[in-house]
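Undergrad: One-letter residues, chain by chain:
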Amino acid sequence: DARVTQTPRHKVTEMGQEVTMRCQPILGHNTVFWYRQTMMQGLELLAYFRNRAPLDDSGMPKDRFSAEMPDATLATLKIQPSEPRDSAVYFCASGLDAVSYTFGSGTRLTVV
Amino acid sequence: SQKIEQNSEALNIQEGKTATLTCNYTNYSPAYLQWYRQDPGRGPVFLLLIRENEKEKRKERLKVTFDTTLKQSLFHITASQPADSATYLCALEQNQAGTALIFGKGTTLSVSS
Numbered sequence: 004d005a006r007v008t009q010t011p012r013h014k015v016t017e018m019g020q021e022v023t024m025r026c027q028p029i030l031g032h033n034t035v036f037w038y039r040q041t042m043m044q045g046l047e048l049l050a051y052f053r054n055r056a057p058l059d060d061s062g063m064p065k066d067r068f069s070a071e072m073p074d075a076t077l078a079t080l081k082i083q084p085s086e087p088r089d090s091a092v093y094f095c096a097s098g099l100d101a102v103s104y105t106f107g108s109g110t111r112l113t114v115v
Numbered sequence: 005s006q007k008i009e010q011n012s013e014a015l016n017i018q019e020g021k022t023a024t025l026t027c028n029y030t031n032y033s034p035a036y037l038q039w040y041r042q043d044p045g046r047g048p049v050f051l052l053l054i055r056e057n058e059k060e061k062r063k064e065r066l067k068v069t070f071d072t073t074l075k076q077s078l079f080h081i082t083a084s085q086p087a088d089s090a091t092y093l094c095a096l097e098q099n100q101a102g103t104a105l106i107f108g109k110g111t112t113l114s115v116s117s
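If you read the protein sequences in the order shown, they are chains A and B. Heads up, the first sequence is in the working numbering, so the first residue is 4 and it goes up one at a time. Heads up, the second sequence is in the working numbering, so the first residue is 5 and it goes up one at a time.
If you're looking for bench data, these hints aren't it; they were derived computationally from the structure. Among the hints, a few may not be true.
DSSO-like, lysine-lysine: derived pairs with alpha carbons at most 30 Å apart [unchecked claim]:
#1 LYS65(A) - LYS7(B)
#2 LYS67(B) - LYS81(A)
#3 LYS21(B) - LYS67(B)
#4 LYS81(A) - LYS21(B)
#5 LYS109(B) - LYS63(B)
#6 LYS14(A) - LYS109(B)
#7 LYS65(A) - LYS109(B)
Footprint (simulated), chain A over chain B, 3 or more residues, beta carbon under 8 Å [claimed, not checked]:
#8 47 to 56
#9 105 to 114
Derived contacts from chain A toward chain B, CB cut-off under 8 Å, selection only [what the hints assert, rightly or not]:
#10 LEU46
#11 ASP59
#12 TYR104
Cβ coordinates follow ideal geometry from the N, Cα and C atoms, glycine included.
The whole structure should be built from the sequences, with the hints applied where relevant.
TA: Here it is, written out as C-alpha cells:
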C-alpha cells in the first residue's frame with residue numbers, strides 16, 4: 004500500500020532551536036496538507052499545497068513557522084525559534100482532487 | 005468559515021449494538037463530507053465520503069447520512085465490535101472556495117465485550 008512518510012517520528016528539542024519536519028507524499032498526489040493535533044484544539048490546519056503551490060497557510064504563525072515543497076516528493080515544515088507551546092503531533096496528508104486523504108504517522112514534537 | 009461540532013467527546017456501547025455519532029456544521033452546506041478513524045498514536049484513516057446530493061452511503065457495517073437541511077451528518081456502525089474502538093473524525097471543506105479540509109475534534113468510541 005502506498006503511504007505518506009513523515010520524519011522524524013519523535014523530536015525533543017530545547018526552546019529556541021530550529022525544528023524541521025519532513026513529509027514524502029504519495030507519488031501522483033497533487034495536494035499536501037500540514038496539520039497540528041493537540042488534545043485541546045484537535046486537528047488544526049496549518050498549510051496546504053496544490054501542485055506544489057502554497058494555497059493557504061493562514062493557520063500558521065507566520066513569524067516562526069514556514070512550509071515549503073521544494074519538489075513533488077518532499078514537503079517541509081520548519082519552526083524557528085521553537086517554543087514549548089509548539090509541542091504537539093504534526094501530521095502531513097496527501098491526496099488527489101479532494102476525494103480522500105492519506106495521513107502519515109505524524110511527528111511528535113516536544114519543546115522543553 | 006465553516007465550524008464543525010461533534011457533539012459527544014466519548015461514546016460507550018456494548019458489543020453488538022449500533023453506534024451513532026453526530027457531526028454538525030454551522031455555515032453553508034459543503035459539497036461533500038468525510039469521516040475518518042484515528043487510533044492512538046496513528047494518523048487518521050479515511051473511511052467514507054458522502055456528497056451533498058447523496059442522502060446515505062454504506063460500506064460494510066458503516067453507514068453515513070447527510071442532511072443539508074439540518075446541517076448534520078450521522079455516522080453509524082452496526083453490530084459494533086471491540087475492534088471498532090477508536091476516535092472518529094468528521095471533516096469537510098473549510099470554505100466555499102473548496103480549499104482545505106477541516107476536522108471536528110472527534111468522538112472517542114469504546115465498545116465493550
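Undergrad: Please go over all the hints and tell whether each is borne out by the structure.
TA: Hint-by-hint comparison with the structure:
1. LYS65(A) - LYS7(B): Measuring from Cα to Cα gives roughly 23 Å; hence the hint holds.
2. LYS67(B) - LYS81(A): violated, 39 Å
3. LYS21(B) - LYS67(B): Satisfied, since the Cα-Cα distance of roughly 14 Å is no more than 30 Å.
4. LYS81(A) - LYS21(B): violated, 45 Å
5. LYS109(B) - LYS63(B): Satisfied, since the Cα-Cα distance of roughly 23 Å is no more than 30 Å.
6. LYS14(A) - LYS109(B): The hint holds at about 24 Å.
7. LYS65(A) - LYS109(B): holds, 24 Å
8. 47 to 56: Since three or more residues must qualify, the claim that chain A covers the segment 47 to 56 of chain B holds, with 5 doing so at under 8 Å.
9. 105 to 114: This one holds; 6 residues, not fewer than the three required, reach chain A with a Cβ under 8 Å.
10. LEU46: Interface hint status for LEU46(A): holds (4 Å vs cutoff 8 Å).
11. ASP59: holds, 5 Å
12. TYR104: This interface hint holds because 6 Å falls under the 8 Å limit.
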